[in-house]
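Chemist: So you can see what is in the structure, the chains are spelled out below.
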Amino acid sequence: MYVAVKGGEAAIANAHRLLADRRRGDRALPAIGIGQIVAQLGLAVDRVMAEASLYDRSLAALAIRQARGDLIEAIFILRAYRTTLPRFGYSRPIDTGAMLVERRVSATYKDLPGGQLLGPTFDYTHRLLDPSLLGDEAVEALPEREDTGEPLMRVSDILAGEGLVEEDGGLPEGHVAGDLTREPLEFPMPRDLRLQALARGDEGFLLALGYSTQRGYARSHPFVGEIRIGMVEVELELPELGFAVPLGRIQVTECQMVNQFKGSAKTPPQFTRGYGLVFGQGERKAMAMSLVDRALRAEEFGEDVVAPAQDEEFVISHSDNVQATGFVEHLKLPHYVDFQAELDLVRRMRRDYEAAQNTDLPEAAE
Amino acid sequence: MTSTGKAGDRRDDTGDDVRRRAMGLLAVASRAELEAAWNGLAGKPAARMVRGPETGLVMVRGRIGGGGAAFNLGEATVSRASIRLEDGTIGHAHALGGDRETVRLAAIFDGLFQQPAHRADVERLLDVVAARLRREDEAQARQTAATRVDFFTMVRGED
Numbered sequence: 001m002y003v004a005v006k007g008g009e010a011a012i013a014n015a016h017r018l019l020a021d022r023r024r025g026d027r028a029l030p031a032i033g034i035g036q037i038v039a040q041l042g043l044a045v046d047r048v049m050a051e052a053s054l055y056d057r058s059l060a061a062l063a064i065r066q067a068r069g070d071l072i073e074a075i076f077i078l079r080a081y082r083t084t085l086p087r088f089g090y091s092r093p094i095d096t097g098a099m100l101v102e103r104r105v106s107a108t109y110k111d112l113p114g115g116q117l118l119g120p121t122f123d124y125t126h127r128l129l130d131p132s133l134l135g136d137e138a139v140e141a142l143p144e145r146e147d148t149g150e151p152l153m154r155v156s157d158i159l160a161g162e163g164l165v166e167e168d169g170g171l172p173e174g175h176v177a178g179d180l181t182r183e184p185l186e187f188p189m190p191r192d193l194r195l196q197a198l199a200r201g202d203e204g205f206l207l208a209l210g211y212s213t214q215r216g217y218a219r220s221h222p223f224v225g226e227i228r229i230g231m232v233e234v235e236l237e238l239p240e241l242g243f244a245v246p247l248g249r250i251q252v253t254e255c256q257m258v259n260q261f262k263g264s265a266k267t268p269p270q271f272t273r274g275y276g277l278v279f280g281q282g283e284r285k286a287m288a289m290s291l292v293d294r295a296l297r298a299e300e301f302g303e304d305v306v307a308p309a310q311d312e313e314f315v316i317s318h319s320d321n322v323q324a325t326g327f328v329e330h331l332k333l334p335h336y337v338d339f340q341a342e343l344d345l346v347r348r349m350r351r352d353y354e355a356a357q358n359t360d361l362p363e364a365a366e
Numbered sequence: 001m002t003s004t005g006k007a008g009d010r011r012d013d014t015g016d017d018v019r020r021r022a023m024g025l026l027a028v029a030s031r032a033e034l035e036a037a038w039n040g041l042a043g044k045p046a047a048r049m050v051r052g053p054e055t056g057l058v059m060v061r062g063r064i065g066g067g068g069a070a071f072n073l074g075e076a077t078v079s080r081a082s083i084r085l086e087d088g089t090i091g092h093a094h095a096l097g098g099d100r101e102t103v104r105l106a107a108i109f110d111g112l113f114q115q116p117a118h119r120a121d122v123e124r125l126l127d128v129v130a131a132r133l134r135r136e137d138e139a140q141a142r143q144t145a146a147t148r149v150d151f152f153t154m155v156r157g158e159d
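First to last, the protein sequences are chains L and F.
Mapping to this note's numbering: the first sequence position 189 is 189, numbers consecutive.
Mapping to this note's numbering: the second sequence position 44 is 44, numbers consecutive.
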């Protein structure tokens, strides 16, 4: 229960001034620029874009600076900002097959068309703190190699050639992709809506759920069929022109997880798939998303729903960190009247309890 | 001058493709490229704003599994502008991001692109943008290619 109580305006205003001061920090140091955040803390920026569900690097960097580096706070700020903008329309679906790839690896095929392209990865680093980054040492010149020009065939298409993997996920004819920014969540939900929710879901939450499936809670024998990161074109259909115009390119990370499936009465044994797609460079998130996407398809494959990662309502209702932080953090707001009511109740129960103890005591003594 | 058969021709499929390519390049032209082209124009055309420039959102869609049914991935900021040149030609521009001045200029160039007298000026700008994109993409492809793994197999055991 909330009761309007006046007061605290001066304290709040001063607290916000204090926040601005602490955010700026030591004035002897130069202020950090938005361009620097975009260029040098790019993966933090990408995470904020992905979980705010808004692709705009400058705004995400601004939100990070404003939030003093608290990424969930930054995501919250960016989510709030998006509600102030008009919606121009829906893009045509992006074509990840036509991606300008900067990283592409497969854990299932060593020699696949186009090869294994490591790109700018943390993999195979030793995770040792690098003292050279304390300063601003010049970065080595980049090695280059002639691009083979070989098209980067999707691993799912290679497997599909043998008929051993399910197709890209279809939905019934005439199905219009749901949009959870426009409609309230309803369960059970079709896979398109789940993917929208997972794409903006909290990386830590999805990582933990994905991990749980590997540890035996809804085991699905996953292999990374392919991860690819790169730029894809976004196109918007313009009714006034009668054709789709390119708006520019965005960076996305895609993960195709391939999972063993022993088959059922209706379906022969084959590989099934989980899909992950996120804004920016977000490999861990895309992998976790694909594991959870596959786990949430349990009923579709007639698998027993026994683990948290398979429970659609549990996963989707708790994956959004803006909702989660709102509800958890509201607990610190004044609940004085609620608490007074509970205090009164506990006092009364305690009196009753003590009275009962006192009447019991003489009997016990007898 | 736009009501000739020629203007009509531009609305056929090939015309759409030509305009589409131009609009795509104008969408990724930098502010500096657009301003340089604007400053290089002999006579500055008068352009009236018809819409915007304004920033809004486009919901970006993906496909399940990469090629399956569409789903909504998340939104992106997009700026757009529409202008009318003196002869009534309408120019449109849409570009990712929040830079409204850039799309205002891009819309003017889209309008000029439709005017035979100015198309060559716009083509010069498009060439600059296309060349930069090609350079950037090729450099990135070569840098990525340098990270391609060359496997070699150790032969062991008896032959």
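One or more hints might be untrue.
Unchecked claim - Okay, the calculated bits of chain F under chain L, using three or more residues with CB under 8 Å as the criterion:
| id | region |
| --- | --- |
| 1 | 23–32 |
| 2 | 51–61 |
| 3 | 103–116 |
| 4 | 131–143 |
Claimed, not checked - On the chain F side, residues computed to face chain L include the following (Cβ under 7 Å):
| id | residue |
| --- | --- |
| 5 | R20 |
| 6 | G43 |
| 7 | H94 |
| 8 | R148 |
FYI, nobody ran anything at the bench for these hints, they're computed from the structure.
C-beta atoms are modelled at their ideal positions from N, C-alpha and C, and glycine is treated no differently.
Chemist: If a hint holds in the structure, say so; if it does not, say that too.
Modeler: A quick look at each hint next to the structure:
1. 23–32: holds (count 4)
2. 51–61: Per the Cβ count (8), the hint holds.
3. 103–116: violated (count 0)
4. 131–143: That given contact holds, which follows from 7 residues of the region 131–143 of chain F lying within Cβ reach (below 8 Å) of chain L.
5. R20: 6 Å, holds
6. G43: Given a least distance of 27 Å, the restraint on F/G43 is violated.
7. H94: Since chain L brings a Cβ to about 5 Å from F/H94, closer than 7 Å, the hint holds.
8. R148: 5 Å, holds
Hint check: violations occur at hints 3, 6; the rest are consistent with the structure.
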